[in-house]
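Assemble the whole structure, with the sequences as input and the hints as a guide.
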Amino acid sequence: MRDGSSTHSDGGGQEMAGGRTTRREIVKRAGVGTILVVYGGALPKTAASGVPKYRTRELAGTLKIIQWSHFVPAYDKWFDNVYIKRWGQANDTEVIVDHINQADIPARAAAEVAAQSGHDIFFFLTPPAAYEDQVIDHAEIVQEVTKKRGKIKPVAFKSTYNQKTKKYFAFSDNYAPDPCNYRTDLWGEVGLKPTSWDNVLKAAPKLRAMGHPIGIGMSNEIDSNVALSALMMCFGSFIQNKEQRVVLNSKATVNVLKFARELYRQGMSNEIFAWTAASNNQAMLAGRLSMAMNAISITRSAELINPDLASKIELLPIPRGPNGRLGLEHVMGAYVVWKFAKNKPMAQKFLADLEIKYIGAFENSKFYNFPSWPASVPNIARRVERDAVAKPSGKYKILAEIADKYTLNPGWPGNTNAAIDEIFQKFLIPQMFAEVAQDRRTPEEAAKIYDRSFRGIFQKWRNLGKI
Amino acid sequence: MPLRRRDNLLTWLVVGPFAIVLAFPFYWMLQTSLKSELDLYNTENNPFAFGEGSPTLDNYRFLFGETQYGHWLLNTVLVGLVVVAITLAVSLPAGYALARLSGRWGQTLGVGLFLVYLVPPTLLFLPLSRVVAEVGLQDRLAALILVYPGFTIPFATWLLMGFFKSIPRELEDAALVDGASRLRTLFWIVFPISLPGILTVVIFTFSLCMNEFIYAIAFITSSDSKVVSTGIYTELIRGDVFYWGALMAATLIPAIPLALLYNTFLDRFIAGFTGGAFR
Amino acid sequence: MPRRRRRNLLEERRFLAPALIAPAVIFVGLLVGAPLILSVYLSLTNATAGSLTGDFVGFDNYASQWSDPNFRTAFRNTIAFTLLANAIVVLGASVLAHFLVREFRGKWLMRFLVLLPWAAPVALSTIGFLWIFDSLFSVVNWTLKELSLVDQFNPPQWLGEPNKALAAITTVHAWRLLPFATVIMIAGLASIPKEVDDAAKVDGATGLKKLWYVTLPLQLPIATIAVLFGIVFTATDMAVVYILTRGGPFNSTQMLPMWAFQTGIQGGSLGEGAAVALFLLPVLAIVTVLMLLFARRVEVT
Chain A
1 MRDGSSTHSD
11 GGGQEMAGGR
21 TTRREIVKRA
31 GVGTILVVYG
41 GALPKTAASG
51 VPKYRTRELA
61 GTLKIIQWSH
71 FVPAYDKWFD
81 NVYIKRWGQA
91 NDTEVIVDHI
101 NQADIPARAA
111 AEVAAQSGHD
121 IFFFLTPPAA
131 YEDQVIDHAE
141 IVQEVTKKRG
151 KIKPVAFKST
161 YNQKTKKYFA
171 FSDNYAPDPC
181 NYRTDLWGEV
191 GLKPTSWDNV
201 LKAAPKLRAM
211 GHPIGIGMSN
221 EIDSNVALSA
231 LMMCFGSFIQ
241 NKEQRVVLNS
251 KATVNVLKFA
261 RELYRQGMSN
271 EIFAWTAASN
281 NQAMLAGRLS
291 MAMNAISITR
301 SAELINPDLA
311 SKIELLPIPR
321 GPNGRLGLEH
331 VMGAYVVWKF
341 AKNKPMAQKF
351 LADLEIKYIG
361 AFENSKFYNF
371 PSWPASVPNI
381 ARRVERDAVA
391 KPSGKYKILA
401 EIADKYTLNP
411 GWPGNTNAAI
421 DEIFQKFLIP
431 QMFAEVAQDR
441 RTPEEAAKIY
451 DRSFRGIFQK
461 WRNLGKI
Chain B
1001 MPLRRRDNLL
1011 TWLVVGPFAI
1021 VLAFPFYWML
1031 QTSLKSELDL
1041 YNTENNPFAF
1051 GEGSPTLDNY
1061 RFLFGETQYG
1071 HWLLNTVLVG
1081 LVVVAITLAV
1091 SLPAGYALAR
1101 LSGRWGQTLG
1111 VGLFLVYLVP
1121 PTLLFLPLSR
1131 VVAEVGLQDR
1141 LAALILVYPG
1151 FTIPFATWLL
1161 MGFFKSIPRE
1171 LEDAALVDGA
1181 SRLRTLFWIV
1191 FPISLPGILT
1201 VVIFTFSLCM
1211 NEFIYAIAFI
1221 TSSDSKVVST
1231 GIYTELIRGD
1241 VFYWGALMAA
1251 TLIPAIPLAL
1261 LYNTFLDRFI
1271 AGFTGGAFR
Chain C
2001 MPRRRRRNLL
2011 EERRFLAPAL
2021 IAPAVIFVGL
2031 LVGAPLILSV
2041 YLSLTNATAG
2051 SLTGDFVGFD
2061 NYASQWSDPN
2071 FRTAFRNTIA
2081 FTLLANAIVV
2091 LGASVLAHFL
2101 VREFRGKWLM
2111 RFLVLLPWAA
2121 PVALSTIGFL
2131 WIFDSLFSVV
2141 NWTLKELSLV
2151 DQFNPPQWLG
2161 EPNKALAAIT
2171 TVHAWRLLPF
2181 ATVIMIAGLA
2191 SIPKEVDDAA
2201 KVDGATGLKK
2211 LWYVTLPLQL
2221 PIATIAVLFG
2231 IVFTATDMAV
2241 VYILTRGGPF
2251 NSTQMLPMWA
2261 FQTGIQGGSL
2271 GEGAAVALFL
2281 LPVLAIVTVL
2291 MLLFARRVEV
2301 T
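Protein chains in written order, with the numbering used here: chain A, 1 to 467; chain B, 1001 to 1279; chain C, 2001 to 2301.
Hints in this document: simulated from the structure, not taken from any laboratory. Note that CB positions come from ideal geometry on N, CA and C, so glycine has one too.
Here are the simulated DSBU-like cross-link-like pairs (lysine-lysine), alpha carbons at most 35 Å apart as the crow flies:
no., chain 1, residue 1, chain 2, residue 2
1, C, K2145, A, K312
2, A, K193, A, K397
3, A, K357, A, K344
4, A, K312, A, K206
5, A, K251, A, K166
6, A, K357, A, K166
7, A, K251, C, K2164
8, A, K395, A, K312
9, A, K166, A, K405
10, A, K349, A, K339
11, A, K164, A, K147
12, A, K460, A, K405
13, A, K448, C, K2164
14, A, K85, A, K148
15, A, K202, C, K2164
16, A, K397, A, K85
17, C, K2164, A, K206
18, A, K258, C, K2164
19, A, K258, C, K2145
20, A, K405, A, K242
21, A, K193, A, K206
22, A, K460, A, K344
23, B, K1165, C, K2201
24, A, K206, C, K2145
25, A, K164, A, K151
26, C, K2145, A, K202
27, A, K151, A, K357
28, A, K151, A, K460
29, A, K167, A, K85
30, A, K391, A, K206
31, A, K405, A, K349
32, C, K2145, A, K193
33, B, K1165, C, K2107
34, A, K357, A, K164
35, A, K242, A, K397
36, A, K312, A, K397
Quick partial rundown of chain C residues pointing at chain B, CB under 7 Å, derived from the structure:
no., residue
37, P2023
38, L2031
39, F2112
40, L2113
As structure tokens, then:
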């Protein structure tokens, strides 16, 4: 039956009929059978008893996982109702998964650490360098997967390995590349393509005059963080160097701040300062933006809500800057196993198994989740090219190239460490850009002041022995 | 007694704008919740009118059919009621004692209880997580039931202290003279008369519980045990996609019955105020 | 024999009072007092990432925070928001309460509408405001654009420009507290004994005179309490800022609880976060004590 098979891991795309299916219908179709399973099991429970979701036979152990509510509901449905059930049966373990909003991950993580109790496996959307002391060394899991699937991708390695303490402070199963989404029809009118930042600046005033500004956020949210950090790298501006020393105050930084200010003045609107993570999605889906840097959540949503618009949005790698084409991962799934986890062996096995056979996750996330071990999903290039829903067809082919060549870790060329983590969590990069764009500081001032502030943060973590 | 026509008009002119400003967001939530996605995310459309596919009950269907919303509502009510019960049980005696029996140091204690509110829960939740885990209540509603009285009791004690102070001593003294013990007086004479005060405490405590957010996020993650505030956050905001229609519906549903309830009790407790204790 | 003695004990004021107060004190002491002490301890350490222990660093956290401009903005904002929002609330609630105690046609409906903001959980109603102020779909902007009062292309960003964001946050705080304060004021008004009312009438004090010489003074103690709670709920609230702006744009709308959260939880510097959260405590404590003394003084028995 169609409804059942849509959550399985064969080549993607059968669940969608042609034509205008709304998101509701998709979710409904994909979920009818599974909902009955979940709710049928849920109804007799009392609120406070905490009885596990399903029990076909007595299982020997328990494993508790917490992760974000994936933007693709189908992924969660597959993970919660198909994958962990299967794995649990095969490994004689009861697997329980809880979901949390991505914004609330830090609070819950802190609470579990304070309580020294909680889930066995905890999921972060950015590498949790600050929690290094609270987690096991994930080297064993990494080695296990490396044995079977070859080398880990450098971006995942540099994001989860602490050079100083020689510890893997997280296990990265996936990352999401960050393509440039742009409107082919609008850019066609202007006669340019966003292949370089120069082009973007050239096209921006014309596009804005047409009522379709560029959309690079400068707000306290994750999309802004990623887009602006990548922009910096394209211009040769870096927060730290390979030796993990702060190098923010440079000519390149001043240049990129000037560039961003120009881009804002000529081609963006003031909404970018108020954005939430959803705002660039919504603005693009409403037909307003001509360009945005975002993972494929925009295009995937468009396919559901507005297929006509979807066919006008194409993907490209990040535009090229004076320092070349350097992009950042949009999010990186980083699982940790707490030191106080009750079922460490099973936790490690679960993570290793998840990564080794990553096809299911890759397909069910509609290519949002790219495996950190590329060999875990054979023929990625062919899979993304053959996506049945993509219009124009083959649209997602570029994703493989972006994931392969143009995705770096936060803090590149150094590793992602606790200081970088803190800078990201406090949204200091968007803050810097916004202040310059709104003429509250000159680029030179900003570069100096933030350089100093970052040094302070780095020093703090250095004192704690983490850098 | 009812006002003359002119006073009626004046009242409406003053109260009207307030009511409009206060209630407008809810009208807006209603409007948004009845719109289809196609209609909602189109900037060309008039948001006050219904466009393509609207009005629709899809958002409500989604809310009840594909999230555990009903469950969360029940959880919220359950937590509220139990916490109210605990709060009353603890605050009634405490309020009485502070109002009648304790003299000087009682006042200090009263102020001290109030100072509890000055500490933001933004960090308190960490040590409390530890407590909750040690007691084995992590991920259970009982964790909230245990922790919430911590901030509802001071407020309730305060309120009740005020009410008890306003009850004439003569009533109790009369009973005592008749030979009743203090405890008996407390139970059979004072508490029944303070029904309006108790009602107020119920309303305020319930409202404090419903509004709580940080502890609920920190302590509970399993989907069935979530309360409305946290459940909404988790399941209707997925990554960078907000399900606005469903979000608005989700807010409307508890607000309206509660407002109706509060409105009904308000009459009673005010009547009690003016009629009961003052003769 | 023992039974009688026990009952006598409970008769004693000295024993009854503590016995009745004890449960409350124990509850609050354990659930608030103990964590508070732990927070004070944390603020003097360099604890990170949720860990409840750390190395002692004295007052370093307080010092480093005080010199952080973001902290100072947060401090300033907390005071500004609180005062502004509560000023609006007090004025609004007094006026509203004055009219709502009367009987008039449609009173039930009006009261229902007024109570709505209070009945909705703050986290959810703030999301409602997030939608109302949305950068693209804001109904406010749509209306303003229709009336041609603002630029079609660059409408005001209610959450994206510092002053407007401050206004938006203050509005939401005031909106949320108004019903609460009104109810308290109504209670205060309704508790004015009829005798006083009648006496005033006999003395010929009506309308404005009555308001000034009779109603207001009698309302003062209750009004003070309402203001006090309002101040406390605003100053220690994190949900509104968290949901609307996360402290942005560029940390211009930070408030102390939000900054504490961002520093201690999101940024991982728990010790500093604790210091920030505790900064407000002495200020609020002094304000509280002063207002309570004031309330007691103006109490008319």
